Amino acid sequence: MDRRKFLKITLSTIGGLTGLKLEAKAIKTDYDWNEHNYTFVVDSTKCIGCGRCVIACKIENDVPLEPHYFRTWVERYSWYDGDILKVDSPDGGFYGFSDPDPDTDRKVKKSYFVPKLCNQCENPPCVQVCPVGATYRTPDGVVLVDEDYCIGCRYCIQACPYGARYIYPVDGSVESRKNTADKCTFCYHRITKGSKPACVVVCPVQARRIFDIEDAEKSIEFHEIMDKNRVSVLKSELGTKPRVFYIGIDSEVR
Amino acid sequence: MRKFNSRILAIYATILILFFVFKSLTVPATFGELGWYRGDSVRESINLSQKFADTYQCFDCHVDEYALWSVGEHRGVECESCHGALKAHVLDPVNYRGVDEYLSSTAYSSTRDFCMSCHVKSTSKPESFPQITDEMGWNCLQCHDPHNPIEGEW
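Chains as they are written, first to last, in my numbering: chain H, 24 to 277; chain P, 29 to 182.
Hints listed in this document are in silico derivations from the structure and should not be mistaken for laboratory results.
Small disclaimer: the values here were computed from a predicted structure and weren't measured.
Mixed in with the good hints there might be a few duds.
Said to hold, decoys possible - Below are the BS3-like pairs computed for lysine-lysine, each with C-alpha atoms no more than 30 Å apart in a straight line: (1) H:LYS130 with H:LYS258; (2) H:LYS133 with P:LYS149; (3) H:LYS241 with P:LYS79; (4) H:LYS219 with P:LYS79; (5) H:LYS258 with H:LYS219; (6) P:LYS79 with H:LYS216; (7) H:LYS109 with H:LYS132; (8) H:LYS28 with P:LYS51; (9) H:LYS132 with H:LYS251; (10) P:LYS149 with H:LYS109; (11) P:LYS51 with H:LYS31; (12) H:LYS132 with P:LYS79; (13) P:LYS79 with H:LYS201; (14) H:LYS219 with H:LYS251; (15) H:LYS216 with H:LYS241.
Just chain H, same shape as in the assembly (with noise of 0.2 Å):
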């Protein structure tokens, strides 16, 4: 083969391959994510803990139903005579809470549920520590993991401070997802179609509830809740800036 001839080949399958990219980009949506943002707001106040958005969670999520496997999760925080504080959270809170907790015959001074899910971090570690570009934040606020480019290395799950992630089984009903990494997306399909979280719809207290920030009515009555409570996030100390506000919790909650 002559010089001439393997740069002709050369360029060209360069070129083909170029056409073949640009060819690719055909998935096409018509959301604008520089027009929303979101955020999180979990009233522990108002929490029964019954674990509807746990089971809701699950089936709009494909999350294997068995236990141990959660995109979001309810805990209880009880303080018992003699200062002793226990947390629980049997089954993620799937099957509800059984009272009192059966383990100890204290009375019981205080005692609230408190809903976990995914931070959605403006600084997310689990997206700095990603070997291979499978995890990233988008411009409204949310942090997705992309299924396909996931090696499973399980480094993203060791680095969030919140336990947000889990690696999805190999027995899942999701083939895509099998060995990757998956965590909670505040059901990005859903609210990029302007539908609630399933978790939001399900909770019949409205202890969950989602704003976009970006949306002038919503925004004032996010604004509202901040400034008529006493609001928190979780781990603040790490710099992690989460958006998922806890109304009503005490520095216990972790």
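Given the coordinates of chain H, assemble chain P onto it according to the supplied hints.
Just chain P, lined up with the frame of chain H:
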């Protein structure tokens, strides 16, 4: 000297070209389009199918239930909170009757158990939430209409 340089240059050029060919073969098509990730993965996330519908879609047909529910104490509870994921029923109401086996009352051994999944008494619940103990064993539906629980048949 001149010959030596041109040979090195040729080798460099070949390696570079081979590198770019290899790169374009292995890097996914839309990688880097929007950031340091595959652009198509965003669109795939958006295009996932929904299993829960929206409450307003129910009332296109179920008008009577809306009339009851919208003025009752359960008006803050959306349809699918008790009836389960029913997007399939919204899309095809004739063929898909829509019973959800995990969230609706069919998941519980009795309608009483179903009501109790929220209303059972618990020290962890907010005091303002209506809670009952399990002593009587009555059938809740005798007195309460779940769509408007206070205005039931007393």
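Hints, verified against the model:
| no. | hint | verdict |
| --- | --- | --- |
| 1 | H:LYS130 with H:LYS258 | holds (29 Å) |
| 2 | H:LYS133 with P:LYS149 | holds (15 Å) |
| 3 | H:LYS241 with P:LYS79 | holds (25 Å) |
| 4 | H:LYS219 with P:LYS79 | holds (12 Å) |
| 5 | H:LYS258 with H:LYS219 | holds (26 Å) |
| 6 | P:LYS79 with H:LYS216 | holds (13 Å) |
| 7 | H:LYS109 with H:LYS132 | holds (11 Å) |
| 8 | H:LYS28 with P:LYS51 | holds (22 Å) |
| 9 | H:LYS132 with H:LYS251 | holds (26 Å) |
| 10 | P:LYS149 with H:LYS109 | holds (20 Å) |
| 11 | P:LYS51 with H:LYS31 | holds (19 Å) |
| 12 | H:LYS132 with P:LYS79 | violated (40 Å) |
| 13 | P:LYS79 with H:LYS201 | holds (20 Å) |
| 14 | H:LYS219 with H:LYS251 | holds (23 Å) |
| 15 | H:LYS216 with H:LYS241 | holds (16 Å) |
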